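A.B. asks: Here's the letter readout for the chains.
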Amino acid sequence: MQRRTPIFIVTSSRPHVGRTLIARALTEYFCAQNRPVAAFDVNPDEFKLIDHLPAYTAAASLNDTRGEMALFDQLVLEDAVPKVVDLSHQLVDRFFQVMQQIDFATEVRRRAIAPMVLFVADPDERSRRGYAMLKERFPDLALVPVLNEHVQRVGAYRANFPPTRLGGGPISIPALSPVVRSVVDRRNFSFVGYVQKTNDRTSELYEWMGRVFISFRELEVRLLLGEITPQLRHSA
Amino acid sequence: MAKPAVILVGADKGGVGKTTVARALLDYFIAHNIRTRAFDTESPKGTLKRFHPDLTEVVDMHSTADQMKIFDTLPHTDAQVTVIDIRAGLLSTTLKSLRDIGFLEAAKKSQLTFTVFHILGPSIASLGEIDETAAFMDDAHYILVKNFINNTSFFEWDPATYNSYFNKIKDAHDITIPKLNEMACEQVEVASVPYVSFVANKAGDGEPGNYSFVLRGYVRHWLGNVWAEFDRVKLIDMVAPEVQRKGAARQA
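Note that the protein sequences, when read in sequence, are chains Y and G. Taking the working numbering, the leading residue of the first sequence gets 1, the next gets one more, and so forth. Taking the working numbering, the leading residue of the second sequence gets 1001, the next gets one more, and so forth.
If you are wondering where the hints come from, they were derived from the structure by calculation, not from laboratory data. Please read these numbers as outputs of a predicted model, since none were measured by experiment. Don't be surprised by glycine CBs; every beta carbon is placed ideally from N, CA and C. Hints may contain errors.
To be verified - With beta-carbon atoms standing in for the labels, derived distance ranges:
| hint | chain 1 | residue 1 | chain 2 | residue 2 | range |
| --- | --- | --- | --- | --- | --- |
| 1 | G | A1160 | Y | A132 | 34 to 42 Å |
| 2 | G | E1105 | Y | T106 | 46 to 54 Å |
| 3 | G | E1057 | Y | D79 | 43 to 51 Å |
| 4 | Y | N63 | G | G1224 | 19 to 27 Å |
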C-alpha cells in the first residue's frame, strides 16, 4: 500500500520555545533512517533551519503570492517525501490564513497527504489562545502539543493544551543542559554526524536523541493509525 | 417547453470586469446542468469567446442580422439560458433596441424571462446609469453588481449615496464580486480557460494543466464566494424554475 506523504508543521505562538531545534531533530530523524526529507524554513527575517541543514532546507516567505506558491505548491506534492516546516510564530496567522483561502484541507483529503501540526507549548496566555484557535478553526487537522521541558514550568500548563481528536495528546521533549545545548546550536553540528562519531551510548545527547526520536516515531504511528482506522472500521 | 431566459451582462464603462461576471455565470449554469449559450458583442475578436469557445458566438449588436441570430432563435434553441456579454457603453443602446424590436414587450407578457446584470463602475457617474437603465427594467430582474475583482478600482461613492440610488428601483438585487488574488486572475487570463477548468487543473484542450495549486486554490475559493452570491439572489429560480423544482424533488 502506498503510504500517505506526511507534512509536519512545527510552530508556536511564542519565540524561544525550541521550535527550530525540534524541526532540526525531526528533519535529521528522517536522514538518520536514510529516508528522503524536504524542510522549509518559514521565518520573516532570520533563517536558522537553513543554516543548520542547507542540503535539505528551502527558505520560504509568505510576503507575496510567489512566495506562497513556492511553499504550498511543494507541500501538496504526493512524492512520498516527508516534509518538515519550521513556521515562525510571527507567520503562524498568515500561514493558516493562506491555508484556508486556498482550501488546503480539501486538496489534502483528495491526495494521499497527511499534515500534522506540532505546536510547541509555552505557559503564556498567547500560546493557550493560539492553540485553541487552531483546534477550533481546523478540527480536521492532526494537532499535537509539544511540551518542551526546556521551557520553564511548561508541565504545569499542560491543561492549556488538551489532546485533539486526530492529533492525540502531547509529546514531551526533554531539556538539554546548557553546555550540550551550546554544542547543538553550533551551525555545523549535525545529530546524525554526532551519532556516527560517538561510541558513548550513555551520553546526555545520545539519550536525548533516543527519547526524541521515539516521540517522532510515535507521531508517525499516530498518522498511520489515522489513515487505517477508517479502513479497519469499514472491514469490521 | 421551459420559458427561455435571456441575461444581459453590461456596464456603461469598460474595464469594470464585465466579462469576468459573464464567465462566472457561464460556469455557474454549466455546473447546474442548465443548457446555456452565449453571445459576445466584442465584435470582431471577442473576449468571452476566448474562455468559452464552445458556447460562445461573436456578434455585432449594431447589425440587424446578428440581432436576429440572437432573438429570433430564442423559441427554437435548446439552450435554456442565453447570456449576452454587452460591449462597454452599449447597455442603454441595447436596451433601447430591445424595446424597439418588442423584446421587452415579450418579457412583459411573460413569454420569456429577462435579467440584466449591471456592473457598476467606480465613479459617481456610474450610479447615474442606474436611473437610465432602470427605466427599461419594469419587467426584468435587475441585478446590480459591485465588482471588486481587481481591487485597484476605488469606489468614489459611499454606501449612503449608493443606497439612495438602489432604493429607487423596485425589485432590484445587488451582489458583490469579491477580490481575486492578482496573480491568480492573471494566470486564468493567460490560460484562457473557464474558471472551473482552471480549478480542476485542465488546459483548454481537456488535457491535464500545469497550474499552481495555490492559484487554483485562490480561484476555487473566490468562485465559491461568487456562486454563493448567485445562490443568494436565487438566480436559478429566476432563469430556470423547472430545473429548481426538479432539483427540489430529487432532494425530497
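A.B. asks: Please go over all the hints and tell whether each is borne out by the structure.
C.D. replies: Results of checking the hints against the structure:
1. G:A1160 <-> Y:A132: 34 to 42 Å: With Cβ atoms ~39 Å apart, the hint holds.
2. G:E1105 <-> Y:T106: 46 to 54 Å: holds, 48 Å
3. G:E1057 <-> Y:D79: 43 to 51 Å: holds, 44 Å
4. Y:N63 <-> G:G1224: 19 to 27 Å: holds, 26 Å
In this structure, every one of the numbered hints holds.
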